[in-house]
Structure formats: C-alpha cells, structure tokens
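Undergrad: Take a look at the letters that make up each chain.
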Amino acid sequence: MKTYTQKFLFSFFLLLLSLWAVSPLAKAEGGHGDSEKFNPKDMIMHHVMDSYEWHILDYKDANGEEHPVSIPLPVILFTDGSLDIFMSSAFHHGKEQVIKGTNVYRMDEHGHIKEANGKKIIDLSITKNVASMLISAIILIWVFTSVAKAYVKQAGQAPKGAQNFFEMIIVFIRDEVVIPNIGEKHYKKYLPYLLTLFFFIWTNNLLGLVPGGANTSGNIAFTMTLALITFLVTNISGNKEYWGHIFWTPGVPKLLMIILAPIEFIGIFTKPFALMIRLFANITGGHIIILSLVSFAFIFKSITVGFAASAGVVVMMFLELFVAALQSYIFTLLTSLFIGMAIAEHEHEHAEHH
Amino acid sequence: MDLVTPGVGLIFWTALTFVVVLVILRRFAWKPILGALDEREKTIADSLAAAEKAKEEMAALNAQNQKLLQEAIAEREKILREAKAVADRFVNEAKEKAIEESNRIIASAQEAIRNEKQAAMTEVRNQVANLSLTIAEKLLKNELSNKNAQIELAKSFMNEIKAN
Numbered sequence: 001m002k003t004y005t006q007k008f009l010f011s012f013f014l015l016l017l018s019l020w021a022v023s024p025l026a027k028a029e030g031g032h033g034d035s036e037k038f039n040p041k042d043m044i045m046h047h048v049m050d051s052y053e054w055h056i057l058d059y060k061d062a063n064g065e066e067h068p069v070s071i072p073l074p075v076i077l078f079t080d081g082s083l084d085i086f087m088s089s090a091f092h093h094g095k096e097q098v099i100k101g102t103n104v105y106r107m108d109e110h111g112h113i114k115e116a117n118g119k120k121i122i123d124l125s126i127t128k129n130v131a132s133m134l135i136s137a138i139i140l141i142w143v144f145t146s147v148a149k150a151y152v153k154q155a156g157q158a159p160k161g162a163q164n165f166f167e168m169i170i171v172f173i174r175d176e177v178v179i180p181n182i183g184e185k186h187y188k189k190y191l192p193y194l195l196t197l198f199f200f201i202w203t204n205n206l207l208g209l210v211p212g213g214a215n216t217s218g219n220i221a222f223t224m225t226l227a228l229i230t231f232l233v234t235n236i237s238g239n240k241e242y243w244g245h246i247f248w249t250p251g252v253p254k255l256l257m258i259i260l261a262p263i264e265f266i267g268i269f270t271k272p273f274a275l276m277i278r279l280f281a282n283i284t285g286g287h288i289i290i291l292s293l294v295s296f297a298f299i300f301k302s303i304t305v306g307f308a309a310s311a312g313v314v315v316m317m318f319l320e321l322f323v324a325a326l327q328s329y330i331f332t333l334l335t336s337l338f339i340g341m342a343i344a345e346h347e348h349e350h351a352e353h354h
Numbered sequence: 355m356d357l358v359t360p361g362v363g364l365i366f367w368t369a370l371t372f373v374v375v376l377v378i379l380r381r382f383a384w385k386p387i388l389g390a391l392d393e394r395e396k397t398i399a400d401s402l403a404a405a406e407k408a409k410e411e412m413a414a415l416n417a418q419n420q421k422l423l424q425e426a427i428a429e430r431e432k433i434l435r436e437a438k439a440v441a442d443r444f445v446n447e448a449k450e451k452a453i454e455e456s457n458r459i460i461a462s463a464q465e466a467i468r469n470e471k472q473a474a475m476t477e478v479r480n481q482v483a484n485l486s487l488t489i490a491e492k493l494l495k496n497e498l499s500n501k502n503a504q505i506e507l508a509k510s511f512m513n514e515i516k517a518n
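These protein sequence lines are chains Y and F, in that order. Its first residue numbered 1, the first sequence is counted upward by one per residue in our numbering. Its first residue numbered 355, the second sequence is counted upward by one per residue in our numbering.
Here chain Y stands alone, though its shape is the one from the complex:
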C-alpha cells in the first residue's frame, strides 16, 4: 500500500515536471510564432499574473492567425450599484467590449476591465487565481473529511495510507509548531486555524506548480489576506500584557519610551507585512526563475540550451516543491509565534523589582 502510494506520487511528480517543461514552451512558441521578437518579460508576467480566463494554449489557423484556447471564467462586477455577471469569453480575449445596461466594459492592454465612461468598478470576478483557490478548497475539504472519516470508521486502530501521511503532518504541526509556541494551555483554540492555514497555503503552492496552474499563493492579494487574518487573530487574542509591552514596555526609562512605543506600535504591522512579502516573493520568485530558465531556450534558439534549461527546470521544480512546503511551514510557524507572543503570560513583576 505504501509503496503503491509512493510510486503514484513519484509518477505524478514526474508527469508534472515533464508537462511543466513542455507547457511554457508551447506558450512561448505560440507567442513568437509570427515575426515578433520573443519577449520573455511578457511571457513571464502573463504566467505570474492573474487573469479573467484560464489560458491553456494558442494555435495558429491556416491563415497564420493566432487563436488562444482558454477556459472562460465568470466575471462579476459591481458598477454604480448594479451587479453585472457574464462569462469572460464575452470579451473574446479582449478584442470586443461587453455592454450591460448602461455600463460598457472594455479590457485594456494589461488585461484589466475598465468601464468606458470611467465609472468605478468593484471587481469580484472568479479569476484564474480564484478558480484555482476554489479547487484547492474542494481538494482540502474532500481530503480532510475523508481522513476524518477514516478515523471514525476505524476508531482505535493504527492509521494507514493517506490517513497515516496526513496524521504525520498534523501531529508535526501540533507538536513541533503550535504547542512550543502557544503553549499547552491555549493551543487547542488556535490549532484548527493554524492547521487550515498550513494546508491552505501548501495546497495552493502545489497547485501553482501544476503546469498551466495559477500563481495564487504568489499573488500579493492572497498573501495579504492571510497576513491580515493573522494580524486580526494575533491582536484580538492579545492580552493586557501584550498591549502593555507595546505601549509601556516594563523596565524601560520614560524618556526612551517616546522612541520605543512608536517602534513597538509599528512592529504590530511589520510582522504580518513580512509574512505577506515573504510568501509572495518566494512563490512568485520561484515561478519567475523557472519561466526564465524556459525563456533561455527561446532567447538563444538552441536545442542544447533548451536541454540545459530543461535540466535546470527539473532541479528548480524539486526546489519549488520543497519551498512550497517550507513557506507554508514558515507562515504557520510565525503565525503561531505571533499568537504565542500575544497571549504569553510573563512574570514581569519579578524582573521589575531588580
């Protein structure tokens, strides 16, 4: 059973690697098939950024005209109090405008939706990143409710298969990440949040590595939201001592407090800000490195460079698989640490008397 799972995972990753190596090639080829010069920056940005459709490939018809093939996704827009919902395919890949009542929507050259009369749009579309995230949500719910069922079904027995694999990670997060930082007394309250956080980030990191996948966890809006949740959880949990430490650090001369208090106050925001930047930069950076390696083949137009670049991509893919787990671990670890700091019950009274 175990070896079967391992074999399956191994072949799955091999498949991922080979597809990864091929998928951007196909895209890049399509991109510079005509006389235009291959532009690695555009190719890379196209892959790293969010979009309204899930782009798969481009092909050229008999007339040499290029046709993108993509899965259309729903566009949801609030404009002047009216809600407009339509499929992204209505834009015909940005070539046409969409008219809904009095609102005229156009897609600019950067792929953003603009209202022709300059009306303010609140854009809640199911973009590629959102779609990928919803898939991750379905995977998470499916996997972990199945694992939970296994516990109910064979209560009191040794875990097996996927249950064993996930138990290992869950116990690791609980015993090595959450309990040491938050403490035995309060950890149970935060464990569900931290487990969800870890697996949510990890799943989205891995989905980002799937060929043709979205760079969800490398999007600043995604990391910002998770950092914001950490910020809220930390500060709402913060006890008297936590706030006391920030605005009136014990044992510090009053004059120094004038400098120290603002620094400590800013510290509240810099901690989650660092979380946001770290995850964003690591994931997006990894994607850019892989895409850059792929670009070499098209810049130098050489098979030799292509093979060398592919070898580099394989190495980077393994590194990225590691980074995917590492970054979700670090995000969870630091969030536990911040919560632990916010709810810690120190004994300052003793220190102050010295």
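Since the hints were derived computationally from the structure, they do not count as laboratory data. The C-beta atom is built at its ideal place from N, Cα and C for all residues, glycine as well.
The list that follows gives simulated cross-link-like pairs (lysine-lysine, DSBU-like), each with its CA atoms no further than 30 Å apart:
hint : chain 1 : residue 1 : chain 2 : residue 2
1    : F       : 385       : Y       : 153
2    : F       : 385       : Y       : 188
3    : Y       : 149       : F       : 385
4    : F       : 385       : Y       : 160
5    : F       : 471       : F       : 516
6    : F       : 396       : Y       : 188
Coverage of chain Y stretches by chain F, computed from C-beta distances (three or more under 8 Å per stretch; other residues unrestricted):
hint : stretch
7    : 42 to 54
8    : 139 to 146
Covered stretches of chain Y, as calculated for chain F (at least 3 residues, CB under 8 Å):
hint : stretch
9    : 121 to 127
10   : 215 to 223
Given chain Y, work out where chain F should sit, using these hints.
TA: Frame of chain Y, contents of chain F only:
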C-alpha cells in the same frame, strides 16, 4: 506595478474561501481527527499506566504467593511434627500397655504355676500318704504278729516323713 498591487476581488475571495474552508474543516475534519488523536494518545498513556500497575500488582501477588507458600510449608512441618509426636506417644503407650499386660500374664502364670505346684505337692503328699498307708497296711499285715516291732517301725517312718 501590477505585480504588487493587491486586487479587491482576490482579497474578497481569499478571505471568503479561507473562512469557509476553516469553518468546514474545523467542524468536519479537525474536530474528529484531533479528537481521535487525543483519544489514541490517552489510550496509549492509560494502557502504559495499566501495564505498569498490572506489573506492580503481579509483583505484589508473587510476593504474597511466596509468603503463603512459606507459611504452608511451615504449617505442613508443624502438622507433621505433631503427627509424629502423637504417633510416638501411641506407640509408647501401646508398648507400655503390652509390657504391663505381659507382666500381668507372666505374674498370673507364675501364680497358676505356684498353685499347680501346691496342688501337685498336696497330691504327691496325699499319694505318698496313701502309699505309706498301703505299705504300712501290708507291713502291718505281715508284722501283725510282731506288734511291738511294727509300732516301732511305724514310728520311725513317721519320723522320717516328718523330717521330710
């Protein structure tokens, strides 16, 4: 730059998705999983404690058994000793009785022998007297002619007999 400008839509969907996933997993995944893990850890801890306790109880029981065995052995020895004493006493008593009985039998036998001897003596004396009388009668018949001599003779016999 686009790359570092967070989009409102993705913020909204991320927050919503994360919270929904959190709520669902908390209720339907983490609760049973963490509960089962806690339960299992508790069971293991309890089992270890129970095993330790059983071991201690076993040791205590062993010690108790050993003690009981020692007591039983001591008891057995005591009973055997007592039984032997009783048996010895019985034997001794029997011996004494036997000796007494035999002494009594011997004494009564001696008594009987003495009586028999007395009777035999009397018998012999009677016989002797009778014989003497018969002899005397015959002598008398013969010596009747010589009366004096006969008397003398008879006297001398009688003296002899007396002397015996």
